[in-house]
Amino acid sequence: NAGVTQTPKFRVLKTGQSMTLLCAQDMNHEYMYWYRQDPGMGLRLIHYSVGEGTTAKGEVPDGYNVSRLKKQNFLLGLESAAPSQTSVYFCASSYSTSGKNNEQFFGPGTRLTVL
Amino acid sequence: KNEVEQSPQNLTAQEGEFITINCSYSVGISALHWLQQHPGGGIVSLFMLSSGKKKHGRLIATINIQEKHSSLHITASHPRDSAVYICAVRSRGFWRNQFYFGTGTSLTVIP
Chain A
1 NAGVTQTPKF RVLKTGQSMT LLCAQDMNHE YMYWYRQDPG MGLRLIHYSV
51 GEGTTAKGEV PDGYNVSRLK KQNFLLGLES AAPSQTSVYF CASSYSTSGK
101 NNEQFFGPGT RLTVL
Chain B
1 KNEVEQSPQN LTAQEGEFIT INCSYSVGIS ALHWLQQHPG GGIVSLFMLS
51 SGKKKHGRLI ATINIQEKHS SLHITASHPR DSAVYICAVR SRGFWRNQFY
101 FGTGTSLTVI P
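Chain order of the listed sequences is A and B.
Residue 115, in the numbering used here, is where the first sequence stops; the numbers in between run on with no holes.
Residue 111, in the numbering used here, is where the second sequence stops; the numbers in between run on with no holes.
Read the hints as simulated data drawn from the structure, not as lab findings.
Just so it is clear, the structure is predicted and the values come from calculations on it, not from any experiment.
Virtual Cβ for every residue (Gly too), placed ideally from N, Cα, C.
Take the hints with a grain of salt, since some may be wrong.
What the hints assert, rightly or not - Among chain B residues calculated to face chain A with C-beta under 8 Å, some are:
#1 4
#2 8
#3 11
#4 13
#5 39
#6 42
#7 43
#8 78
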């Protein structure tokens, strides 16, 4: 099992450009999450999905869109990148949200710089 | 205001020392997680707690629900324990899918 994978690992964008980050998991997890990690701050939830075809806003959703067309994939899109979106982005997945199955498995992260 | 506060922010220890990292939270939770982030950036889950105490090798995690406090202990610390340790809580109720994360404790264990 590959677990949770993210592509790309690094990306540099110019202000106004768009891009899509791809997260894939092979654990048949229902729940998937996108976080951003900034210096001096804890991980913050951008969007999440509780199953194929569903998405919901997290704590910091502005400037991002997501899609979950297939259960194993969760895409994070930036339509018009801004320097404030310079961050490290982590994807995570979990089987459920209750009991011992709510452990989150994290991807390796994507380091995004917006100039 | 941070829903999850960790202390200390930075910690340096000599190999073999007993280490304690503290986590306090202000929201109602269904579970608390301890995560480890290695210098390369990868994040792994160490523990999930909803009550009491758990032990895995040299790591021990405890939680006091009434006091809204958790501790992560490392016995006989080793340089390979050097990492950032993150406390995260899953909130109850309407925002039950929301995780709140502490800013992490950066641990360096010196040989």
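Hints versus structure:
Residue-level restraint check for residue 4(B) holds (minimum Cβ-Cβ distance to chain A is 7 Å; threshold 8 Å). About 15 Å separates the beta-carbon of residue 8(B) from the nearest beta-carbon of chain A, more than 8 Å, and the hint is not met. Against a cut-off of 8 Å between C-beta atoms, the interface hint on residue 11(B) is violated, since the closest Cβ of chain A lies about 17 Å away. Hint on residue 13(B) is violated. Least Cβ distance to chain A is approximately 22 Å, over the 8 Å limit.
About 12 Å separates the beta-carbon of residue 39(B) from the nearest beta-carbon of chain A, more than 8 Å, and the hint is not met. The beta carbon of residue 42(B) is positioned within 8 Å of a beta carbon in chain A (closest approach about 5 Å), and the interface hint is therefore held. Below 8 Å, beta-carbon pairs count as interface contacts, and residue 43(B) has one with chain A at about 4 Å; its hint therefore holds. For residue 78(B), the suggested interface contact is broken, since its CB lies about 23 Å from the closest CB of chain A, more than 8 Å.
In the structure shown, a violation is registered for the earlier hints numbered 2, 3, 4, 5, 8, in ascending order.
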